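Q: What follows is each chain in one-letter form.
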Amino acid sequence: MDFLKKIFGSGNDGSRDKAKDRLKIVLIHDRTDISPQLLDSLRDEIVGVLTKYMEIDTDKIEIDLDHDEHEVALVANVPVLRIKRGKIDVDKN
Amino acid sequence: MARVIVTTSGKGGVGKTTSTANIAAALARFGKKVVAVDADVGLRNLDVIMGLENRVVYNFIDVIEKTCKLNQALVKDKRVPGLYLLPAAQTRTKDAVNPEQMVALCEELKPEFDFILLDCPAGIEGGFKNAAAGAEEALVVTTPEIPAVRDADRIIGMLESMGKSPIRLIINRLRPNMVQDGDMLAKEDILDVLSIDLIGVIPEDENVIRSANIGEPMTMSLDSPAAHAYLNIAERLLGRDVPLMDLESYATRTFISKIKKFFKGSKKR
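Residue numbers (this note's numbering), protein chains in the order written: chain A, 1 to 93; chain B, 94 to 362.
Everything labelled a hint here was simulated from the structure, so no lab data went into it. Everything numeric in this text was worked out from a predicted model, so none of it was measured. Warning: the hint list may mix true and false statements.
What the hints assert, rightly or not - Computed cross-link-like contacts, EDC-like style, restricted to lysine to aspartate or glutamate with a CA-CA straight-line distance of at most 20 Å:
1. A:K20 / B:E205
2. B:K280 / A:D21
3. A:K18 / B:E238
4. B:K125 / B:E205
5. B:K280 / A:D13
6. A:K24 / B:E281
7. A:K18 / B:D290
8. A:K84 / B:D316
9. A:K18 / B:D282
10. A:K24 / B:E238
11. A:K20 / B:E238
12. A:K20 / B:D290
13. A:K24 / B:D285
14. A:K20 / B:E281
15. A:K18 / B:D274
16. A:K20 / B:D282
17. A:K20 / B:D285
18. A:K20 / B:D274
19. A:K24 / B:D276
20. A:K18 / B:E205
21. A:K18 / B:D285
22. A:K24 / B:E205
Said to hold, decoys possible - Covered stretches of chain A, as calculated for chain B (at least 3 residues, CB under 8 Å):
23. 15-22
24. 26-34
The beta-carbon is built from N, C-alpha and C at its ideal position, and this holds for glycine as well.
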């Protein structure tokens, strides 16, 4: 039986599933590829929003896309110095 | 007023020109007045695939530069009433035309036709942007291979940001045998990752090569699986609800492949 399998079977599970997995991973990375200019502009806008609510240490901000094999995350590390408590109450009105 | 549709893919060699020629001929067979525009300046091919290469006098760059009138550049296909070709210039580069001129050309064609099909060059550079500029709708051609699907994804993103709608997918050169044997991406696999509407699946078919050799789009006469699939796409473009072909019936199963299937049976999805 094994002998017959060797002749007539292809000897593997087929390449379709492998292709699908590789395609998915390639697309995850392609779709989240970001240019340094776009990342800078994103960073500036995030900083702009955050500084409305808190004082932050703008020199130590880290914002980047974190790629692992199956997913991509936007990771931001923003050191907070002080929350602007009065400011939020003003915006609520 | 004509509907303007660009046929594009990103990757070269997946069947843009073949698709444009066959869909154009099919639409004309359904009684529509159709012009196929070869937007691949410098590398023209649509004239040859349609078998009209000996009748090309002027091209669309001549029209844009007002060297000739639009009617002088249009090549009328004598085999199917209502089918026309507007050729590309072979001795010019893609810089010879800009997106605004392409839009103006399409506006000039619109009152004369029901459908304007723009055959786009491969790539995502100027040639693509020119061809896409004039169109409202898009057909994206891909094959069941990772590089082609990847490039299709890129192109779909660009077409979406340009506001093209609807954008629909043609899966070309599918081999039902290989899909059944678990050795080729299936249409479901591709649709799953691209999240775009499908307008048709073209099975791999030797008649594509035969028809290119003789310069006659398959949808003009040949009764072949690919011709059938392209006729279906044309009908769907016309808004008719045509079910997808049963490609499995075209899977020419040999004795050996049946035995292979038997041995792989337990592993099949």
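Q: Checked against the structure, which of the hints given earlier come out wrong?
A: Result: hints 1, 7, 8, 20, 22 break, sorted rising.
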